[in-house]
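**Q** Required output: the full structure, derived from the provided sequences and hints.
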Amino acid sequence: MKFNAKTTGLIAAGFCGLTLMAAISRADETPVPAEPSTPPTYQDVASIIANNCGYCHTGGADGLGGISFDTEAEVVANAALAYAAVDAGLMPYGDSEWRTTPDGIQLLAYLKSQIPADPAKPEAPQTPAAK
-9 MKFNAKTTGL
1 IAAGFCGLTL
11 MAAISRADET
21 PVPAEPSTPP
31 TYQDVASIIA
41 NNCGYCHTGG
51 ADGLGGISFD
61 TEAEVVANAA
71 LAYAAVDAGL
81 MPYGDSEWRT
91 TPDGIQLLAY
101 LKSQIPADPA
111 KPEAPQTPAA
121 K
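Using my numbering, the first residue of the sequence shown is number -9, and each one after it goes up by one.
Quick caveat, the hints were computed from the structure, so don't treat them as lab data.
Hints are not guaranteed to be accurate.
[Claimed, not checked] Beta-carbon label-pair distances, calculated as ranges:
#1 G49 x A24: 33 to 41 Å
#2 D52 x I105: 24 to 32 Å
#3 D52 x L80: 17 to 25 Å
#4 A51 x T90: 26 to 34 Å
#5 T28 x L54: 26 to 34 Å
#6 A51 x A24: 32 to 40 Å
C-beta atoms are modelled at their ideal positions from N, C-alpha and C, and glycine is treated no differently.
**A** Put into structure tokens, the structure is as follows:
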């Protein structure tokens, strides 16, 4: 199939326009920060939890869904559940992309560090030292 110069120019202009539109749309995307190399501490994430979870998840057993994050012990006890909800984009409610923000990534790293490797699997027995 042969194209005349005008048709070829229109095709090239259209292709360039689509390429430019794709580049502009990618330029608006913010790169997702990497997970920290060392897990954050509770002190690092306490304000993140208060600002993003505390509205609903406070008040002990009266917290929304019966889950409260008033204390470090409560956060640690619910780390696996909280990690799953945030990682799936279900929490904070109404913001499915929050997990990709610096605060979301830091909280996920902290929660992940608090989940036992395999809570159902008992530790291997230690062999007694030779006498």
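**Q** Check the structure against each numbered hint from earlier and tell me which ones fail, lowest number first.
**A** Failing hints: none at all.
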